[in-house]
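Engineer: Line by line, the protein sequences are chains A and B.
The letter at position 455 of the first sequence is residue 455 when you use the working numbering, and the numbering goes up by one with no holes.
The letter at position 145 of the second sequence is residue 145 when you use the working numbering, and the numbering goes up by one with no holes.
Since the hints were derived computationally from the structure, they do not count as laboratory data.
Same chains, same label: a pair holds when it works inside one copy or across any pair of copies.
List time: in silico DSS-like cross-link candidates among lysine-lysine, alpha-carbon distance up to 30 Å:
| # | residue 1 | residue 2 |
| --- | --- | --- |
| 1 | 98 | 437 |
| 2 | 65 | 137 |
| 3 | 376 | 352 |
| 4 | 137 | 437 |
| 5 | 392 | 510 |
| 6 | 392 | 438 |
| 7 | 510 | 438 |
There are 2 protein chains.
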Amino acid sequence: MIGRRGLSAAQSTWRNCWASPARQQQRTVSTKILSRRTTIRDARGQGSGARVAVGGWVKSVRKHKSVSFVNVNDGSCLGELQITLPAEEAAAEALGAKLSDITVGSSVFAEGELREVPGGKQKRLELHPNTVEVLGKCDTQSYPLQKKYHSLEFLRDNLHLRARTNTFGAVTRVRNALGQGLHSYFQDNDFLHLHSPILTSSDCEGAGEMFRIAKIDGKDEEFFGTPTYLTVSGQLHGEMYACALSKVYTFGPTFRAENSNTTRHLAEFWMVEPEMAFAGLEECVSSAQGAVQHSVAHALETCAEDIAFFNKNYDKQIAERLETVVTKDFARLTYTEAIEILRKAVAEGKGKVSFEKKPEWGMDLQTEHERFLAEKYVNGPVFVTDYPADIKAFYMRKNSPDSQNRETVAGMDLLVPKIGELVGGSVREERFEVLEKKMRHLGLIPEEDLDEETIASADGDLDWYLDLRRFGSVPHAGWGLGFERLVLFATGMDNIRDVIPLPRFPGQCKH
Amino acid sequence: MIGRRGLSAAQSTWRNCWASPARQQQRTVSTKILSRRTTIRDARGQGSGARVAVGGWVKSVRKHKSVSFVNVNDGSCLGELQITLPAEEAAAEALGAKLSDITVGSSVFAEGELREVPGGKQKRLELHPNTVEVLGKCDTQSYPLQKKYHSLEFLRDNLHLRARTNTFGAVTRVRNALGQGLHSYFQDNDFLHLHSPILTSSDCEGAGEMFRIAKIDGKDEEFFGTPTYLTVSGQLHGEMYACALSKVYTFGPTFRAENSNTTRHLAEFWMVEPEMAFAGLEECVSSAQGAVQHSVAHALETCAEDIAFFNKNYDKQIAERLETVVTKDFARLTYTEAIEILRKAVAEGKGKVSFEKKPEWGMDLQTEHERFLAEKYVNGPVFVTDYPADIKAFYMRKNSPDSQNRETVAGMDLLVPKIGELVGGSVREERFEVLEKKMRHLGLIPEEDLDEETIASADGDLDWYLDLRRFGSVPHAGWGLGFERLVLFATGMDNIRDVIPLPRFPGQCKH
Numbered sequence: 001m002i003g004r005r006g007l008s009a010a011q012s013t014w015r016n017c018w019a020s021p022a023r024q025q026q027r028t029v030s031t032k033i034l035s036r037r038t039t040i041r042d043a044r045g046q047g048s049g050a051r052v053a054v055g056g057w058v059k060s061v062r063k064h065k066s067v068s069f070v071n072v073n074d075g076s077c078l079g080e081l082q083i084t085l086p087a088e089e090a091a092a093e094a095l096g097a098k099l100s101d102i103t104v105g106s107s108v109f110a111e112g113e114l115r116e117v118p119g120g121k122q123k124r125l126e127l128h129p130n131t132v133e134v135l136g137k138c139d140t141q142s143y144p145l146q147k148k149y150h151s152l153e154f155l156r157d158n159l160h161l162r163a164r165t166n167t168f169g170a171v172t173r174v175r176n177a178l179g180q181g182l183h184s185y186f187q188d189n190d191f192l193h194l195h196s197p198i199l200t201s202s203d204c205e206g207a208g209e210m211f212r213i214a215k216i217d218g219k220d221e222e223f224f225g226t227p228t229y230l231t232v233s234g235q236l237h238g239e240m241y242a243c244a245l246s247k248v249y250t251f252g253p254t255f256r257a258e259n260s261n262t263t264r265h266l267a268e269f270w271m272v273e274p275e276m277a278f279a280g281l282e283e284c285v286s287s288a289q290g291a292v293q294h295s296v297a298h299a300l301e302t303c304a305e306d307i308a309f310f311n312k313n314y315d316k317q318i319a320e321r322l323e324t325v326v327t328k329d330f331a332r333l334t335y336t337e338a339i340e341i342l343r344k345a346v347a348e349g350k351g352k353v354s355f356e357k358k359p360e361w362g363m364d365l366q367t368e369h370e371r372f373l374a375e376k377y378v379n380g381p382v383f384v385t386d387y388p389a390d391i392k393a394f395y396m397r398k399n400s401p402d403s404q405n406r407e408t409v410a411g412m413d414l415l416v417p418k419i420g421e422l423v424g425g426s427v428r429e430e431r432f433e434v435l436e437k438k439m440r441h442l443g444l445i446p447e448e449d450l451d452e453e454t455i456a457s458a459d460g461d462l463d464w465y466l467d468l469r470r471f472g473s474v475p476h477a478g479w480g481l482g483f484e485r486l487v488l489f490a491t492g493m494d495n496i497r498d499v500i501p502l503p504r505f506p507g508q509c510k511h
Numbered sequence: 001m002i003g004r005r006g007l008s009a010a011q012s013t014w015r016n017c018w019a020s021p022a023r024q025q026q027r028t029v030s031t032k033i034l035s036r037r038t039t040i041r042d043a044r045g046q047g048s049g050a051r052v053a054v055g056g057w058v059k060s061v062r063k064h065k066s067v068s069f070v071n072v073n074d075g076s077c078l079g080e081l082q083i084t085l086p087a088e089e090a091a092a093e094a095l096g097a098k099l100s101d102i103t104v105g106s107s108v109f110a111e112g113e114l115r116e117v118p119g120g121k122q123k124r125l126e127l128h129p130n131t132v133e134v135l136g137k138c139d140t141q142s143y144p145l146q147k148k149y150h151s152l153e154f155l156r157d158n159l160h161l162r163a164r165t166n167t168f169g170a171v172t173r174v175r176n177a178l179g180q181g182l183h184s185y186f187q188d189n190d191f192l193h194l195h196s197p198i199l200t201s202s203d204c205e206g207a208g209e210m211f212r213i214a215k216i217d218g219k220d221e222e223f224f225g226t227p228t229y230l231t232v233s234g235q236l237h238g239e240m241y242a243c244a245l246s247k248v249y250t251f252g253p254t255f256r257a258e259n260s261n262t263t264r265h266l267a268e269f270w271m272v273e274p275e276m277a278f279a280g281l282e283e284c285v286s287s288a289q290g291a292v293q294h295s296v297a298h299a300l301e302t303c304a305e306d307i308a309f310f311n312k313n314y315d316k317q318i319a320e321r322l323e324t325v326v327t328k329d330f331a332r333l334t335y336t337e338a339i340e341i342l343r344k345a346v347a348e349g350k351g352k353v354s355f356e357k358k359p360e361w362g363m364d365l366q367t368e369h370e371r372f373l374a375e376k377y378v379n380g381p382v383f384v385t386d387y388p389a390d391i392k393a394f395y396m397r398k399n400s401p402d403s404q405n406r407e408t409v410a411g412m413d414l415l416v417p418k419i420g421e422l423v424g425g426s427v428r429e430e431r432f433e434v435l436e437k438k439m440r441h442l443g444l445i446p447e448e449d450l451d452e453e454t455i456a457s458a459d460g461d462l463d464w465y466l467d468l469r470r471f472g473s474v475p476h477a478g479w480g481l482g483f484e485r486l487v488l489f490a491t492g493m494d495n496i497r498d499v500i501p502l503p504r505f506p507g508q509c510k511h
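Construct the complete structure from the given sequences, taking the supplied hints into account.
Structural biologist: The structure is reproduced here in structure tokens:
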């Protein structure tokens, strides 16, 4: 055993090693300077006369007779910081940089004093540096992002660089804020974050849509002993934990092996799925409204500049729409009312309202119907509840038949303008007998006359799901939100491939 | 088009529908009562005389002559709330429940008044209910969790019910707290949460360890057009975004198709991987310490009762160890010093210190060495930096050769007692020429003499990774933390399969 003194000696050796030749030979600015770095967001918030060190990428260079203005961004905010440099090569070199190396896309590190830009109407700070260093040059000929404007299509072909543009920087910040807003809503409301598994042996939602893990290379053997899939939803696992700890939520990637090449679908996307015990449709609806409002409010608070950017460049109504979302209760309709509204709209619309698919009780609502309800009828988010049992999943809790003897379930969808369905949820069938009958009918659990051993060894058997109702069952409810759809909704962007860092869809899994 | 008035009418119809027969026929307590539910954690914090409604699962029933004590837990905390019921069947039934239905594992909903338990030394509240309802019965004969004590092995066979035990409730709460502590550290320090992809076409870390997605059913075709794998790390994608937006972190599932049946490995586990531009080893080390301290501090603050439970039942040193972690700086050694310390320990240990693998410069540290350093030498977390270049990944930044002309990289591992490696990180090689040479040598990018078209179409090509250095390269650094290892460290649990909701390992992917 070596005592404390040994440790101290070792530690002091360690500290000295920072001054070793290895460190000094780093070509770039030393870590001692890097650690003094201020984000550009924080620098912009400081007063004239403050001394700061900033690092970032050059967005534009404007050369005038006596000065050069170099605009730099570091991703901490949409805005840039203007660095004022002497126009003369020798004077610039005295600061540490060759002017010809400071080009769009190059990275710089500058230290100096913030001063007010003279003559401007708005108070704005610029940096007068004592030192400027070019950390990484950027060849103007070969850099793909040279041009001022790039189409979103072009940027989808340059996925690894698109985060350097204003649009994708803003998307990343808003996406981050929306995610944190969701976390803080759930944490503030007694939900525990549950990391539900990605790999699963249960293929209950239809194996055709699920990605499957390949067998072990060169063998006809499964790594896990059973066929294994990528999850399509964490709901069932959420129920497992809600039926023990009351309130949980998942926030993780989910997968669909569907051949959908649309602006609304991805093969890999993120879902948020809360599940609550001791809850009914009322809690389901109110928590969905609360979570969406809290999330959007957090984005409005922390990304005002980004939202203003989207409002100016992508969707002139986005700022107003988001303000309404956070301040007003969402509208609510039953499915039966929604169908009536749609039929009436066609009948009274005098040809101005028409749908590809005629609205009729019993059908699933199509995006055209959902958007009509959210955009034309409500002009804002609207919950539709109590859907026909036949078009909804087996786990949704059956209502008693309605006055016309039609069967509905205690489910809800949240529809929003531009997107259609943002959230789908329901009360879960907690009655053992009702659920068992339905699952047996659908072949989700084996036939009753099998012996127990066969049942226990059946792959993907959902008997455990029935156990949650067999032992201390509780009324419970939950919902799922497609996170990328929320990002679309909050940014006004049109294509889901533009609101996730690396989009995966049929035919593309780049990088 | 239908106007505002139409909407109001529809909404009022909707509101009325809550009182419809469908709702009233729910067998269990109505949602109106459920929404008045207080968590048991909050109920325990209230004063005597407060009226509350609580729901939960029965943990124990003690029948006395005149009263029955029913202890109930709802997962909001480790502690239980005692409900005091009359011992007489008729009196209990007048409150709404059959005493014989209130068994361990059944779920109940009770409303009444909190009163101080008479005669106790510690002030403690119990619930005197006006109504009690059994929501879900639980057959004492068939319920697997009947017995008082269950081994962790037994509970691993009953994964879907184990969250109902004290241990797994506590693990879930601490895991939640540690995750939120990490999020809040990163959010407070200007990191953006990045959802790096799970599906990836790059197999650069060695395809042998990666799960591969099966081809489309019945066809010899890849869904994405290229062989697709499950990610082993989000680091490269983290670098993509850090080289645009400065500071990002991933927090998501990662996968290893290794046949490791140990208490430290899973096939699916969660990793936290921050990546920082304008950063060196110093920032790497200080952010790792900051994140771990912040995370553990959040768990200590919000899960004191759970930590005390682990301290009592699983590891008598855990509370003290965690307190030290959050209050003291972590120790630091270079790899070269660590080897010297290990060699000296063997030499001076007089047979009391021995290792299976003899410590020698150039070898990778084994868990036995890591634990010796963290447990015996430091007795706490310790960073080891500057490893030999040959044993570390291609992307780590090369130091200048040391005094003995040995090559090292600016990498670091954080070693902690009981676990060994908790964090691994490094400065990334930002020099284009150095990195290109190394990647070509390793076959990660095609040979130079290929034509450009062939290079561009190569599957899993990492040329994009070089682009980050080609255009505005910046010094950057990052690290990865195995989240389950942090949960092990913070709970004192021994087996990694017990700190993730649904463990996946060779041969098992249950539920």
